[in-house]
Amino acid sequence: GGIITQTPKFLIGQEGQKLTLKCQQNFNHDTMYWYRQDSGKGLRLIYYSITENDLQKGDLSEGYDASREKKSSFSLTVTSAQKNEMAVFLCASSITGSNTEVFFGKGTRLTVV
Amino acid sequence: QQQVRQSSQSLTVWEGETAILNCSYENSAFDYFPWYQQFPGEGPALLIAIRSVSDKKEDGRFTIFFNKREKNLSLHIKDSQPGDSATYFCAARRAGNTGKLIFGLGTTLQVQP
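So the sequence lines, in the order shown, correspond to chains D and U. Just add 119 to the spot in the first sequence (first one is 1) and you have the numbering used here. Just add 415 to the spot in the second sequence (first one is 1) and you have the numbering used here.
Treat the hints as calculated values from the structure; they're not laboratory data. Predicted, not measured: the structure shown is a model, and the values here were computed from it. Built from N, CA and C at the ideal position, the CB exists for glycine as well. Don't take each hint at face value.
Partner residues aside, some chain U positions facing chain D, computed with beta carbon under 10 Å [said to hold, decoys possible]:
(1) Q421
(2) Y447
(3) P449
(4) Y451
(5) Q453
(6) G458
(7) A464
(8) P497
(9) F504
(10) A506
(11) R508
(12) K515
(13) I517
(14) F518
(15) G521
In isolation and in its complexed conformation, chain D is listed as follows (with noise of 0.2 Å):
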């Protein structure tokens, strides 16, 4: 089995700051993603890269920054903390292929005061 570490757990920011969560897979999956997971809003797709160096946008795109450093990590930067957001950023990874199970890390938990 693998596991996927997201740091940190728990993010307090200030209004217009920028904010950077990371992410780390050890399950050597080609494909990581970046969701985004509000109280009644289910999941939504933010970023997701199939490979090394590759950025691919999702629905929620705008105001997010992503980056593939290498094929085990993947970063999301909050351009500019909005006042009062308060999400679960939730991090996952898949090998490539349309049937295949995306494993999910624990989050990590952002307030902006």
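Once you've looked at the hints, dock chain U against the given chain D.
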């Protein structure tokens, strides 16, 4: 607009009953439908999945019934246990669309002892 819809935000059943969680979708190009289970403080984990060529998939107490013509599916949890209390997400993916899962808003199931 919500491409994947879950009909109930919450559901309560008694221990031993069958819990039925319903899901419908818009896009007839979707061909893979996983259900994810999420406990508080954890990331979602794959519970069971079905491809659109099948109309039923069973795994222990969990069964998916799929109706391609009506574009809906349901997750049946037989002999519900208090440990099944969690949020369940229905998701869908288009053929060939590597990894890009579209999630419903989730149904929070409470199993009362």
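Status of the hints after comparison with the structure:
1. Q421: Holds: closest Cβ of chain D sits about 8 Å from Q421 of chain U, inside 10 Å.
2. Y447: 5 Å, holds
3. P449: 7 Å, holds
4. Y451: At 8 Å from the nearest chain D Cβ, Y451 of chain U passes the 10 Å test, so the hint holds.
5. Q453: Holds, because the Cβ-Cβ distance from Q453 of chain U to chain D comes to roughly 8 Å (cut-off 10 Å).
6. G458: Nearest chain D Cβ about 3 Å off; hint holds.
7. A464: Holds. Min distance 8 Å.
8. P497: Violated. Min distance 22 Å.
9. F504: 7 Å, holds
10. A506: 8 Å, holds
11. R508: 7 Å, holds
12. K515: 6 Å, holds
13. I517: Holds. Min distance 8 Å.
14. F518: 4 Å, holds
15. G521: 6 Å, holds
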